[in-house]
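K.L.:
Sequence:
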Amino acid sequence: NRVDGTFRTVENTTRGDKADRTEEDVSSVHSATSEWQELSHLVKEPVAEPAFIQFSGEYCAQCKRNQALFKRLNQSRNDFRFYEVPVEEHSALAGQLKIRRTPTIFLLDPVSETVTRTEGAVALRELGQTLDSLIGRTS
511 NRVDGTFRTV ENTTRGDKAD RTEEDVSSVH SATSEWQELS HLVKEPVAEP
561 AFIQFSGEYC AQCKRNQALF KRLNQSRNDF RFYEVPVEEH SALAGQLKIR
611 RTPTIFLLDP VSETVTRTEG AVALRELGQT LDSLIGRTS
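Per the working numbering, the very first residue in the sequence shown carries number 511; after that it's consecutive.
Honestly, the hints are just simulated from the structure, not real lab data.
Glycine is no exception: its CB is placed at the ideal position from the N, C-alpha and C atoms.
A few of these clues could be false.
[Claimed, not checked] Calculated cross-link-like contacts (lysine-lysine; reagent style DSSO-like; alpha-carbon spacing at most 27 Å):
1. K554 to K574
2. K574 to K608
3. K581 to K554
4. K554 to K608
[To be verified] What follows is a list of derived Cβ distance ranges for each label pair:
5. A602 to L634: 27 to 37 Å
6. T626 to Q572: 16 to 26 Å
7. A571 to E599: 14 to 24 Å
8. V621 to S544: 27 to 37 Å
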């Protein structure tokens with residue numbers, strides 16, 4: 511489901527190869543390259559611009575506040591994507607990514623294919639500055 515053009519809630523899907531992973535395989539998911547692959551596969555579309563992926567809990571008040579901030583940011587710029595991932599529906603991936611609290615936000619940089627992770631509250635100004643630094647603009 512797409513919300514406001516660049517906002518999307520990630521639906522639960524099961525990949526067959528995930529069910530066959532062993533404990534040793536799961537530990538390999540934590541490298542930056544593996545995180546990039548896991549997260550970019552999760553959104554099911556090419557990551558061509560910066561993408562924020564927020565893992566949210568159903569009763570997480572801060573998750574809802576963060577989502578509102580991303581929507582406000584989207585009103586002034588359209589150079590990023592935001593994906594909401596219900597942690598209850600993606601518990602296996604949340605475990606692999608060692609998500610211990612919500613919200614946990616991953617920022618995917620499509621140029622360097624790197625992943626930045628943050629937890630908790632975010633500030634609108636901080637989000638804009640982060641995007642500017644990725645895109646190479648100044649505020």
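K.L.:
Given a hint of 16 to 26 Å, does the C-beta separation of T626 and Q572 actually sit inside it?
P.N.:
For T626 and Q572 the Cβ distance comes to about 18 Å; the hint holds.
K.L.:
Given the hinted pair K554 and K574, is their Cα-Cα distance within 27 Å?
P.N.:
23 Å, holds
K.L.:
Is the hinted pair K554 and K608 satisfied, with a Cα-Cα distance of at most 27 Å?
P.N.:
The hint holds at about 21 Å.
K.L.:
Take a look at whether the Cβ-Cβ distance between A602 and L634 falls inside 27 to 37 Å.
P.N.:
32 Å, holds
K.L.:
Given the hinted pair K581 and K554, is their Cα-Cα distance within 27 Å?
P.N.:
21 Å, holds
K.L.:
Given the range 27 to 37 Å, decide if the beta-carbon distance of V621 to S544 lies inside it.
P.N.:
Between V621 and S544, where Cβ atoms are some 19 Å apart, the hint is violated.
K.L.:
Using the Cβ atoms, figure out if A571 sits within 14 to 24 Å of E599.
P.N.:
19 Å, holds
K.L.:
Does the alpha-carbon distance linking K574 and K608 stay inside the 27 Å limit?
P.N.:
The given pair, whose Cα atoms are some 21 Å apart, holds under the 27 Å limit.
When the structure is compared with the earlier hints, a violation turns up for hint 8 alone.
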